[in-house]
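Undergrad: Note that the protein sequences, when read in sequence, are chains H and Y.
For the first sequence, our numbering begins at 30 and goes up steadily by one.
For the second sequence, our numbering begins at 6 and goes up steadily by one.
To be clear, the hints were calculated from the coordinates, so they are not data collected in a lab.
Fair warning: there could be bad hints in the mix.
[Claimed, not checked] Covered stretches of chain Y, as calculated for chain H (at least 3 residues, CB under 8 Å):
| hint | stretch |
| --- | --- |
| 1 | 15-23 |
| 2 | 31-37 |
| 3 | 64-75 |
| 4 | 83-89 |
[To be verified] Simulated restraints on C-beta separations:
| hint | chain 1 | residue 1 | chain 2 | residue 2 | range |
| --- | --- | --- | --- | --- | --- |
| 5 | H | P272 | Y | T135 | 50 to 60 Å |
| 6 | Y | G122 | H | T238 | 17 to 27 Å |
| 7 | H | T238 | Y | A118 | 19 to 29 Å |
| 8 | H | R318 | Y | E25 | 50 to 60 Å |
| 9 | Y | A11 | H | A282 | 31 to 41 Å |
| 10 | Y | R81 | H | A240 | 51 to 61 Å |
| 11 | Y | V92 | H | C42 | 43 to 53 Å |
From the three backbone atoms N, C-alpha and C, an ideal C-beta is built for every residue, glycine too.
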Amino acid sequence: MVADQLGLRPSYCDVVDLGGATATGMIWRAAAAIDAGACRSVLCVLAEGPDPRLGVRSPTWPALPNSQWERPYGSLGPNSGYALAAARHAYLYGTTDAQRAKVAVDQRTNACANPDSLFHGTPITVDDVLASPLICDPLHLLEIVMPCFGATAFVVTRGDVAAHAPHPPVRLRGFGEQVAHSSLMSMPDITRTPIVESAARAYASAGITPADVDLLSLYDCYTITVILSLEDAGFCAKGDGGPFVADHDLTYAGDLPCNTHGGQLSYGQAGLAGGASHVTEAVVQLRGRAGARQVPDCGLALVNGNGGILAEQCTLVLERAS
Amino acid sequence: MSGDAALPPRPIPEASPYGEPYWAAAVDGRLVVQHCPRCNRLQHFPRPWCTACLHDALDYVEASGRGTVYSCTVVRRNPNPAFAARVPYVLALIDLDEGVRVMSNVIGCAPEAVTIGARVRVCFEATDDTHAVPCFTLDPEGT
């Protein structure tokens, strides 16, 4: 449909749906298709709009074959699923509400330096997060993404083509993917995500370690997601994510810049395009075009997409073109 | 079997063919777990085959109905009419003593009384005349 609208006749066409990991999953698949000789350049499009008949957002949490095991109990899907993970993390490791809230606060600081973010101009404090209504204990309203509408597109192409592009290219240096469960009941430890495997593969293929990373772009549907991602991508030990985010500055000016566009928590989550914002922000930062929120000397970015309830993970290492 | 007449009925489980024995047992007040006679493994939720050995003639064994809360959350908002009147309610993952994990509600107590590690025991709540769902209550004496 997109190809026809644009008048294109592609030699390779694919549909990717890995939930929040769709954007990162598209990029290495596009690179693999190019390497295989199926095409020269790939246009990746992520768009999700309202259903005009309903006047509301199209459903993104469809009835699945195993929903019979959750629906009768009032499962809310993501909200209650991530809350169960956050509760278990707090039980096992003593992670506090204030530590999780710090993630939302730092990302809001980033959003206040990004005019394109939904919550530009509205800083918040840890107390604001803790004073916002509990939705699913222990998660508060301000620990949960803000849904919005939008779309993202990017082009993946060969180095020789990119060299003549109007914008400085960014290189895909490595990637890793891991898909696990569908139901949370199938996840042996709900505080250990498949990012353990996807990030390890990304580091190995890129030949880097976490210490080499200048910028983190971590899928953030909830505050707890960022904490679990930092642990499982090797930035701190399992269980130390709470104290780790409290002790580090995750803002664009900090010692561990993370989700410098504001993340979905403050930039907004435009359906499937939500996870693409982590990619486009990394590209903008690596190009040195992030304006007021530019991370100095940003050469290497780790981008993680997370789909389902901690189920589908795809991690990329993106590098500034030299 | 109990059902609170003051509350709107829960959504009826939309049973897949391989889920029907589980829900039929619940109507009889029994909690069952799918079992592989070939490799003797238990699994939940029910599937067309054993995920360990792919054997596809599985049976069901009756569970003790006792378990431990693996994680829990208090749901405070749910726009679904069936649950809007139930908030706040406890959604939990429960490790049955038989070794499988189920999602359910812990009912019959203040939501804040439910904690991770708490012992629970199964009960059954009717959704209509022909359906029931396994729920759990706190079982402080449970060992």
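Undergrad: It remains to establish, for every hint, whether it holds in the given structure.
TA: Verification of the supplied hints:
no. : hint                        : result
1   : 15-23                       : holds (count 7)
2   : 31-37                       : violated (count 0)
3   : 64-75                       : violated (count 1)
4   : 83-89                       : holds (count 4)
5   : H:P272 / Y:T135: 50 to 60 Å : 52 Å, holds
6   : Y:G122 / H:T238: 17 to 27 Å : 37 Å, violated
7   : H:T238 / Y:A118: 19 to 29 Å : 46 Å, violated
8   : H:R318 / Y:E25: 50 to 60 Å  : 58 Å, holds
9   : Y:A11 / H:A282: 31 to 41 Å  : 55 Å, violated
10  : Y:R81 / H:A240: 51 to 61 Å  : 41 Å, violated
11  : Y:V92 / H:C42: 43 to 53 Å   : 45 Å, holds
Against the hints set out earlier in the document, violations occur for numbers 2, 3, 6, 7, 9, 10.
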